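K.L.:
If you read the sequences in order, they're chains B, S, Y and R. In this text, residue positions in the first sequence follow the working numbering: the first is 2, and each later residue adds one. In this text, residue positions in the second sequence follow the working numbering: the first is 2, and each later residue adds one. In this text, residue positions in the third sequence follow the working numbering: the first is 2, and each later residue adds one. In this text, residue positions in the fourth sequence follow the working numbering: the first is 2, and each later residue adds one.
Calculated directly from the structure, the hints in this document are not laboratory data. This structure is a prediction, so every number in the text was calculated from the model and none was measured.
Remember, identical chains collapse to one label, so a pair may be satisfied in a single copy or spanning two.
Think about it this way: if two alpha-carbon atoms lie no more than 25 Å apart in a straight line, the pair counts; the simulated SDA-like pairs of lysine to any residue are:
| id | residue 1 | residue 2 |
| --- | --- | --- |
| 1 | Lys-344 | Pro-28 |
| 2 | Lys-344 | Thr-165 |
| 3 | Lys-344 | Asp-52 |
| 4 | Lys-344 | Asp-46 |
| 5 | Lys-344 | Thr-54 |
| 6 | Lys-344 | Ala-366 |
| 7 | Lys-344 | Ala-102 |
| 8 | Lys-344 | Ala-49 |
| 9 | Lys-344 | Asp-189 |
Residues per chain, in single letters:
4 protein chains.
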Amino acid sequence: MADPSDLADRVQAGDLRSYELEAHADPDVATAARRELLARETGADLDAIGDYTFDAADVEASIENAIGAAQVPMGVAGPVPVDGGAADGEYYLPMATTEGALVASVNRGLATVRDAGGATARITDSGMTRAPVFRVEGIAEAETVVEWVANHEDDLRAAAESTTSHGELIGIEPYVVGDSVYLRFAYDTKDAMGMNMATIATEAAAAVVEAETPASLVALSGNLCTDKKPAAINAVEGRGRTVTADVLVPESVVADRLDTTAAAIAEANTRKNLVGSAKAGSLGFNAQAANVVAAVFLATGQDAAQIVEGANAITTVDDRDGDLYASVSLASLEVGTVGGGTKLATQSEALDVIGLRSGGDPPGANADALAEIIAAGALGGELSLLTALAADHLASAHESLGR
Amino acid sequence: MADPSDLADRVQAGDLRSYELEAHADPDVATAARRELLARETGADLDAIGDYTFDAADVEASIENAIGAAQVPMGVAGPVPVDGGAADGEYYLPMATTEGALVASVNRGLATVRDAGGATARITDSGMTRAPVFRVEGIAEAETVVEWVANHEDDLRAAAESTTSHGELIGIEPYVVGDSVYLRFAYDTKDAMGMNMATIATEAAAAVVEAETPASLVALSGNLCTDKKPAAINAVEGRGRTVTADVLVPESVVADRLDTTAAAIAEANTRKNLVGSAKAGSLGFNAQAANVVAAVFLATGQDAAQIVEGANAITTVDDRDGDLYASVSLASLEVGTVGGGTKLATQSEALDVIGLRSGGDPPGANADALAEIIAAGALGGELSLLTALAADHLASAHESLGR
Amino acid sequence: MADPSDLADRVQAGDLRSYELEAHADPDVATAARRELLARETGADLDAIGDYTFDAADVEASIENAIGAAQVPMGVAGPVPVDGGAADGEYYLPMATTEGALVASVNRGLATVRDAGGATARITDSGMTRAPVFRVEGIAEAETVVEWVANHEDDLRAAAESTTSHGELIGIEPYVVGDSVYLRFAYDTKDAMGMNMATIATEAAAAVVEAETPASLVALSGNLCTDKKPAAINAVEGRGRTVTADVLVPESVVADRLDTTAAAIAEANTRKNLVGSAKAGSLGFNAQAANVVAAVFLATGQDAAQIVEGANAITTVDDRDGDLYASVSLASLEVGTVGGGTKLATQSEALDVIGLRSGGDPPGANADALAEIIAAGALGGELSLLTALAADHLASAHESLGR
Amino acid sequence: MADPSDLADRVQAGDLRSYELEAHADPDVATAARRELLARETGADLDAIGDYTFDAADVEASIENAIGAAQVPMGVAGPVPVDGGAADGEYYLPMATTEGALVASVNRGLATVRDAGGATARITDSGMTRAPVFRVEGIAEAETVVEWVANHEDDLRAAAESTTSHGELIGIEPYVVGDSVYLRFAYDTKDAMGMNMATIATEAAAAVVEAETPASLVALSGNLCTDKKPAAINAVEGRGRTVTADVLVPESVVADRLDTTAAAIAEANTRKNLVGSAKAGSLGFNAQAANVVAAVFLATGQDAAQIVEGANAITTVDDRDGDLYASVSLASLEVGTVGGGTKLATQSEALDVIGLRSGGDPPGANADALAEIIAAGALGGELSLLTALAADHLASAHESLGR
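Only chain B is shown next, with the shape it has when bound in the complex (with noise of 0.2 Å):
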């Protein structure tokens, strides 16, 4: 049996690479092996990364060169009743985060929520997201794939979907600009968040073109998909899901819990989030959103980069007679409750709390239901950050008045 120290003695005298160790050891050993040589190099101490409480072997398919673990204090926020699409029934919000304020913020949102009798929620849009980007020689060839693939696109399912068990191809977009093609391949991809079966199936699809048109693949991704990065695209077509929660906040509990009016938080939400996000060129018209999907992210095992897409975000807020009207839509919130970080110890844990572990009946509906649940914490979070803010203008306005 392999020990830590030798096997890190071993990396230093060049008999073995780093990232071999956990072929000459078990991963624990492996990952203990490697903590020993970067402690070694940088003086680090370990302890605390090399204290997790997961089996390393379990955690091969989602990290290389392991060292052990990052622990994030993990809260939860809730419960919430949410009428949804796929939603429907009270929930806990488990949000892991190290920002301080964030969970008790959420968990005020959700209670003046609660009081209201609950959020109701709607996936409005669907369908993961890649595009392949393809050479040609200009615009008359330019238009001759494009045609193609219109005409073809029975045959470009078959090669998409005959890499997947679950995933369907909704359809192709193509774009134009000069010698380049972005064809965007829209897969419905169920209880998963779906990147890695929309890349495999799109390569699939984007050999057929090549084989059959005269466009050369560039790159698999062109970015029009538009995956990690902040775009216009997602924005205003969406990926992944897009959804909306609102609610209906009578008077008196606006003015009983919230200690504020509706006119109040109305106005705030639109010099802050609205004319406030215009004037910034912002594509996020919201107050916090990416707090709370950032923090429900990490919990439940979503792809952390995700968090830029999932502040696509706008916020409205009508003062209805003296009610309350908020609403929080998503345009592209990336989630899904099968593969990837969700399958890993705490994570799907987290997920069990929400009651949404693993796949869903009829398959999508939980990943569907987390995106619902999702947005009303974040309507929740923008609740609780306007009434805030408005409460302390209301305060503000009476001291004014005071003087």
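Add chains S, Y and R to chain B, keeping to what the hints say.
P.N.:
What follows is chains S, Y and R alone, placed relative to chain B:
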């Protein structure tokens, strides 16, 4: 000594509220009681979440309604030599992620950077911003408020800096839209990411504006900051650190190690990262910068929701007579080595791996160095992905020729 | 017969209102009376404005409170051979502008295109859009409205097309934000630019939506059209014609006529049009497309405010082993050869210069051809400006070497 | 004395080139000869285009390859009282357009403004920009160049201002992307729109940068200016004049004249101009600002391609206890009262109508006033369109209630 199960009973009986548990038991017991409650209500098994290894008392400033921790696998990439304005040496990059292949990909890219002699990096702009929005009577009053602010920047600096021992006000940029006045305060927050520092300092300055001008504060953040939303103001003007890393890879390294050409890599970059992102209406002209930002952010305790701004990055590639010049410029990378999540057990160890735990000498040098090293990591990620694309493309070209 | 001076007296005496003058005199006299009034009140001499040469009666549908005309100098560039989907032949480009050097610049670029054998051009997408916004109770009702629309597209088509003898509804794309539902109607408006046609047709369809669903119309344009505003939805999805023109310029022409290299031009394009526009947060990745669009729009009677959308263009340049490939892709070029200002005296003559006055055969072919020819003109403008930059750059490089 | 027909013969015979005609005949004859040529080659009748009434010699600096003029119908709206920083009085607004109903619509809006006592307007920022792009070796060299520029702003100012008797350098903002350095020079160009002045001054300064630093100029415009493209940098930071006009309309005027309520207008503005534009990924949060900008630009000889930047406008509406507050803030309105097309016959008369022909006292005051008056005109256009929408909406609401 309280027992978790008893405490849970008391909450269920209505004697206690869940968020009050820490007032009745030590943090670890309170956390256990909350898990017990959650388990009873949701049926979820929370053993792994409860199997955290830090002291719950140490995370009280980071989380409310604590139930434990998410454990995110951590690996390491590098080392990579970085010749920066603050960074200077060889650095390992700790990365926490659940996306398989990411660490390996970055590691490959960094190996290329290493073979090329290392990355150069520089901070080209710096400043953490907070932009309150004020209501005024109209544009005439807006003008007087803006003039007053311009003429009293010293007073506002005094008020702002009275709240902080470290932070310094850099300047105040006014933006006016009708009867809303936005004042974007920028601070040098040294080694702290600085959002809280900036908020508290701005609150004090905003109070002066309210007291001395007819402006009324509507929201301490008017979204021109812009925090945790995709926004052109950050991509153009920067927020946190604006940082570039670049490398010149000799033709021999491109050919031997990467098995492709600078021209092929440049073409992939142009069609994907430049033209593709242009057509997508994106603010991110890169391949996967957010992946690296996210993984290092999670490892080192940065604010995960600020991954959003970290994606505002432009990657450029030049074919310099066969040599490959590549750069990544991150417009708004918000990082710190003190405060927030950086103090937590695993996160501070990860900062030790980089050699940047706690404050720098001079103050700010550690956060500067961290930004430069993340940029170098992002450069590795870009090189790795682009060369993979280019190599595939060449391979496919070879196949075509072989037909 | 009314006398302008008497009419002016009567308006000043309060007997008549200025906008009623056409009811009391023939249009030319009314126009003269209004000039007289304006001269009296402002002291301005309006002889040149009054020295228009059309019949005032002929512009009554184009202007109210008429006082005469602005005379904008018109020049001509070309001819340029265009091999398009609709255009086919050599075309002169009439351009009305007050910017000295513009026509000469475009003319030089088109000479290069001509030397290279002409431009290729294609319409890659087409459709004039109008997007009303409806208010609903909340997201649940939004879902039912969107479903109703999806299930009743035939009914909506019938309503929409009942208002027009030419226009055809292409499709309806729904967008939901909280309690607002936007329906983006797209039409084939044939040779008309089609904004009015689309508005009238959509008004009829919107009335059906209001009658049959709980949605209430708030505004016939909800800004997702998007008309006369810079908007990613147009840059990404197109509006009016989406059109590309490109050219392959042989190395010999680049060297002899342009006195530069494809590589130098490509570099200027990358640093300026791609990376520079990226950093600017722009939707226009070109050098001066709007200049050409504006000048041809003014010459041919297009809607000048739609120059805004005409600037959503991406220019690409490839160095193909010394040959120069260049393209311009205009995402949202809104043009017509019938209706609006195209009927006016000078404007219809300008259309005659291109050979595209009035409707095409088949319907839409003339507007398609006009879009392709404008794209070719824009290509000329890009080539001219980029080669000038590249030549300067080479010159400056030569100087440096000489030092 | 040359005869147009003879000259045309000579061009067709190859003795002369079309663009050389002005060297062989007086401008009007050369213009006639070119029409003759064009008529022969295209069969077009060019009588109306040739029926211009200015002296062709007077437009030689504005057009090349002249064939005559486009005559664009001009009307007048107003008068509107404007209480501006520079404007002060009642102003008529000349508008040249071919869009029927536009002048009437603006006129109605201005009547409301007039009833409300007039518009207030202010310039909140000012500066014409030009941003050359330089190539450097990499980020380390970029840093030295940027530092050199910061330390030698006086030298660069001296170089820049040596080229102009009026212009003043306001400042230089550096932007770095990898091995490209962009320097955004901002100038006070007084009453000139100033693009040419800024370009020439920047050329001189750029030569100093090239001579004194390792940077090589690639393009005198690197698109961070940003001229004639939609760009967030202009919408956020401004270009030309940043100007707001606003008005407070008493409830009685809203009710009696507009037949609607402030609340209904505010709702239309929020759903259309704020939320709709947000969802569209737009930089223009207004209804029809570009229509007013375009029409006044054409009437007064502004650069028509800069209508693009003129569309970067945000409209806000508040319901103030029944009174209606409305504002339009144009971020980047590029106007002049001297130079360019403002000198032409009809255009300078249109400036006389406003009372702003030629330079102001102090210099810049006339262009400032023009910007304020255009903003007031845009305000009229917004009010008119929004109230029409709101009135329809109310009408429709009434109908619904009647059912």
